[in-house]
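Trainee: Sequence:
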Amino acid sequence: MSRVVRQSKYRHVFGTGSKKEQCYDNLTPSRSAWDSNKVKANNKYVGLILEARGGGAFAVFPNQKLGKYTADLPRFTGHKGEVLDIDFSPFNDGIVASVSEDGNGRIWSIPAGGPTQSVAAPTQQLIGHKRKVGTADFHPTAENILATTSTDFTVKIWDIENGAAALTVPGHSDIIQSLAWSRNGSRVVTTCKDKKIRLLDPRTQSIAAETAGHQGVKGSRATWLGDKGTIFTVGFTKTSDRAYAIYDPRNFAAPVAKQNIDTSSGLLMPFYDNDTSLLFVGGKGDGNIRYYEVVDDAPYLHYVADYKSAVPQLGLCLRPKTAVDVSICEVASILKVADSYVEPISFQVPRKSELFQDDIFPPTAGPDAALTAAEYLGGRDADPILVNLEGGFVARERPEFKPSVVVEEKAELTEAELRTEYEKLTRRVAFLEAELVKRDARIAELESK
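Reading the sequence shown from the start, the letters are residues 1 to 449 in our numbering.
Watch out, some of these pointers could steer you wrong.
As the list claims (entries may be wrong) - Mimicking DSBU-like on lysine-lysine, the simulated pairs with C-alpha atoms at most 30 Å apart in a straight line are:
{"id": "1", "residue 1": "K44", "residue 2": "K284"}
{"id": "2", "residue 1": "K68", "residue 2": "K20"}
{"id": "3", "residue 1": "K258", "residue 2": "K195"}
{"id": "4", "residue 1": "K44", "residue 2": "K402"}
{"id": "5", "residue 1": "K80", "residue 2": "K284"}
{"id": "6", "residue 1": "K218", "residue 2": "K65"}
{"id": "7", "residue 1": "K132", "residue 2": "K284"}
{"id": "8", "residue 1": "K218", "residue 2": "K193"}
Quick caveat, the hints were computed from the structure, so don't treat them as lab data.
Here the structure is a predicted model, which means the values were calculated and not measured.
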């Protein structure tokens, strides 16, 4: 990547970690080998996938509730298998989605202020995938639209209000490793274990284009570069170097840029901030987070700096811009998952003035949906509705999510119940076989007369 930094207002952005008492401490993050971020955040809450036995679990706690947590931390516990991914609705802070190894997705309502006791009953269930579900991503501009991917090699687009898979996109030939919506949600990009990158048109339920991706055996990811309309991917080369590539969807056959990054082994996690054009890249097991400024012309990426730490990260997430502190010129906030805690990392532009800095805080995507689910499914597209951050963003209360149709999951029998049912059916079969023997004997008796 280019190490020449042009004149830029983000040239001196610096990252600052948090002291232990300013972290979310005494937690048990998931140790699952599945490639997920393990943590997500919105304006009010932080969600963390937890290590759990006898089914999957995740926790949701308020942004401002820092410090040590107790062992009886309330959890969302309805899944029968490990939770693999979670995502918050961008338009209702009280809605979170989860997907699991049990093959199902679930929609949960978060009590105001965060749960005070564990929650086992979801508000909605998403039943339709045939194998474990690996990713969950809400639509960026349409309300109540969620995309999931599964090891059944399909992408499903759900209307969570009625619990139905409104669209299904087949065509992948192996496990889907990541999914990302475009800025207005009209298209989706996926990376796959078959080493291909695919551009999907969800509403035609088809693959619009595909191309060769990173050729290494380890996982790869893709994310859209916001209004620039290009796609950034990370993965591994055949020689196991970590690498990036940038694709233009209008000419998808080959990347417009590609470059090796380093020789480390951890899977890379990319996050793009559309307002600043800053791209953050962190590796699992690494202690550092690189960040770059994205431009329209070659070489497309300009290195800015590294945030460095001696503590390796299990996962990362980029908070929405409406959750940053504009009073300290915080242009990005990242949550880092460590062994037993989640650490907020603040990225700031050094400014002496205490006035609102409108040059580094342009209007940003806000909490109001531009489309209803029906409008999106009917073919409409719309850019995000923007809000001004001057004076700070104050989230307003949203109505409680009440699905129009609640999908009920068929209850699965326990091992003891299955054994009882098996024995009952075995006795029934034996009885019927005995009856047949009696009947055959009676027929033979009558025929001999």
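Trainee: Now tell me if each hint is right for this structure.
Mentor: Cross-check of the supplied hints:
Distance check on the hinted pair: K44 and K284 sit about 26 Å apart at the alpha-carbon level, within 30 Å; holds. For the hint linking K68 to K20, the alpha-carbon distance of about 9 Å falls within 30 Å, and the restraint holds. Taken as a hint, the K258 and K195 pair is honoured in the structure, with Cα atoms around 15 Å apart against an allowance of 30 Å. Taken as a hint, the K44 and K402 pair is honoured in the structure, with Cα atoms around 20 Å apart against an allowance of 30 Å.
A threshold of 30 Å between alpha carbons decides the hint, and for K80 with K284 the separation of about 27 Å falls inside it, so the pair holds. Taken as a hint, the K218 and K65 pair is broken in the structure, with Cα atoms around 37 Å apart against an allowance of 30 Å. Between K132 and K284 the CA atoms are separated by roughly 23 Å; this keeps the pair inside 30 Å, and the hint holds. With a CA separation close to 8 Å, the supplied pair K218 and K193 stays within the 30 Å bound.
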